[in-house]
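2 protein chains.
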Amino acid sequence: MQTRGILTVISGFAGTGKGTVVKGIMEKYEDYALSVSMTTRSPRPGEKDGESYFFVSREEFEKNIAENGFIEYAEYVGNYYGTPKAYVEKKLDEGKNVILEIEIQGAMNVKKLFPDAVLIFIMPPGADELERRLSGRGTETAEVIKKRMDRAALESEGIEDYDYIAVNDNVDDCVEAVNGIIRASRLKPAFNTSFIEKVRNDLKEKARRN
Amino acid sequence: MQTRGILTVISGFAGTGKGTVVKGIMEKYEDYALSVSMTTRSPRPGEKDGESYFFVSREEFEKNIAENGFIEYAEYVGNYYGTPKAYVEKKLDEGKNVILEIEIQGAMNVKKLFPDAVLIFIMPPGADELERRLSGRGTETAEVIKKRMDRAALESEGIEDYDYIAVNDNVDDCVEAVNGIIRASRLKPAFNTSFIEKVRNDLKEKARRN
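Just so you know, the sequences run in chain order Z and U.
With my numbering, you'll find the first sequence wraps up at 1323, consecutive numbering, no jumps.
With my numbering, you'll find the second sequence wraps up at 1323, consecutive numbering, no jumps.
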């Protein structure tokens, strides 16, 4: 009925398992694409250009900024990181639902640039469970866990700015919930203008002819 | 996660098969309820009070109007027909997604009263197919078919005022599309306020305690 994909923003507290959910969607469905960020940092062993990141020079990155080529970008520890607009547009035009896994502030910026973007906040089943998952990794210090829990408390203020929430209790169910949201979103009139126009014009043409 | 259902408005051109789609949803899923209209006309043979309609006296109907008890109502050929608000509210509170099968003008009125209502326009695959379906019934005169096609051309102006479209090419697919839209809608933050509040309060409580 239509071909352009849905720009999908996925956010969630650290430890909610949103990365696993995104991976699950990418593996299960063919019409999704994960946005690949651009960076000026050097590739680490095993990282491939165009997969982990698009690796570019500082000069090229700044040219891209000047040309308004990023959906959002930021500088961390002397290196730029950004979401290239051209790549996202290309994938959307190919009919792919493009997933951006970003934090709240970035999500709000995306919504301004792409009002049709669908913003999904992945929720833990509860605060206790979030704490359990953060602790369960076994790799973080108590201090880091506390920092993440505090950050979650802060970030929780922004949940209502998202279009949807999806609870990651069971990964498969959460993958299905997110996919269901995107399937439904593709049925909004704004994504089906040419089909609606065709039916309307044909109906009017018939009304005129008779 | 939440219990209140979604108020679902279904509209579509005559001949699109929206009645069949609604019937399919009601048969397949338990958490839907079809809004039962109230009328002052007499029951026809086989019609049961509370199923086909709520049959009431003119006096009772007008009392209901005076008490702002209808979502929408109209008078046809000397009889009142209306959608009782109390019934809809009761079913929504029971967690049922309540389906109202009404035309465009009524749909817009519902949206004003219930901003969270989800409006779905059932589309035919095309204008030719709509004409075929209207003719295929074999029960209508050419004049009636022309009248319905003309009305469809007029009504097509309002499609973009709906939240979603669903194409009724295959009934089962259309039932699934509508159900998918409603499932996704239940994931909007507005329908999950108590869950979100609980997670947020628990996170803040943990942040305070530590």
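By construction, these hints were calculated from the structure, which means they are not laboratory data.
For clarity, every value in this text was computed on a predicted model and none was experimentally measured.
Hints should not be assumed to be uniformly reliable.
[As the list claims (entries may be wrong)] Under the rule of at most 30 Å between Cα atoms (straight-line distance), these lysine-lysine pairs were calculated in the BS3-like manner:
| no. | chain 1 | residue 1 | chain 2 | residue 2 |
| --- | --- | --- | --- | --- |
| 1 | U | K1224 | Z | K1224 |
| 2 | U | K1141 | Z | K1301 |
| 3 | U | K1301 | U | K1224 |
query = Hints broken by the structure, by number, lowest first?
reply = none
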